[in-house]
Amino acid sequence: MNVEEELAKLSNKIDDYHSEDTKRAKRERYENLGYISWGFALATTSLAVAQVSPTSTILSAVIASTFVILGSILFAFSSKYK
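Sequential numbering from 1 applies to the sequence shown in our numbering.
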């Protein structure tokens with residue numbers, strides 16, 4: 001084996017590590033955003049329970065549902081990068 005072949009193998013290995021690291025970073029970012037979205041949904045649900053007005057309770061429930069759906073979509077999207 002000459003030096004050029006060894007350098008080519010090393011370069012390919014570095015490219016593989018880089019692409020793997022990039023995929024892992026994207027997956028982690030979308031998972032974290034999903035957790036944050038679910039946290040907002042939990043906080044909004046808590047506010048809906050604490051409020052007495054039916055209009056604001058319904059609005060809070062709609063917002064909480066939106067955050068739950070958004071979190072689920074982000075988790076589904078993060079599985080694309082595994």
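Incorrect hints may appear among the rest.
In silico DSS-like links for lysine-lysine, alpha-carbon gap of 25 Å or less [unchecked claim]:
(1) Lys82 <-> Lys23
(2) Lys26 <-> Lys82
(3) Lys23 <-> Lys80
(4) Lys80 <-> Lys13
(5) Lys80 <-> Lys26
(6) Lys9 <-> Lys23
(7) Lys23 <-> Lys13
(8) Lys26 <-> Lys13
(9) Lys82 <-> Lys13
Hints are computed from structural coordinates only; laboratory data are not their basis.
Practice problem: For the pair supplied as a hint, Lys23 and Lys80, confirm whether the alpha-carbon distance does not exceed 25 Å. | Solution: Satisfied, since the Cα-Cα distance of roughly 9 Å is no more than 25 Å.
Quiz prompt | Proposed proximity, Lys82 with Lys26 (alpha carbon, max 25 Å) | solution = holds (9 Å)
Exercise. Sort out whether Lys13 lies within 25 Å of Lys26, counting only the CA atoms.
Key: holds (20 Å)
Quiz item: Straight-line Cα separation of Lys80 and Lys13 no greater than 25 Å?
Solution: With Cα atoms ~23 Å apart, Lys80 and Lys13 stay inside 25 Å; holds.
Self-check item: Distance restraint between Lys82 and Lys13, which requires alpha-carbon spacing of 25 Å or less
Solution: OK: Lys82 and Lys13 at ~19 Å, within 25 Å.
Quiz prompt | Proposed proximity, Lys26 with Lys80 (alpha carbon, max 25 Å) | solution = holds (10 Å)
Quiz item: Within 25 Å, alpha carbon to alpha carbon, are Lys9 and Lys23?
Solution: holds (21 Å)
Exercise. Verify the proposed pairing of Lys82 with Lys23, using a straight-line Cα cut of 25 Å.
Key: holds (7 Å)
Exercise. Take the C-alpha atoms of Lys23 and Lys13, compute the straight-line distance between them, and say whether it is at most 25 Å.
Key: Holds. Lys23 to Lys13 sits at ~16 Å (cutoff 25 Å).
Going down the numbered hints, you'll see the structure goes against none, and every one checks out.
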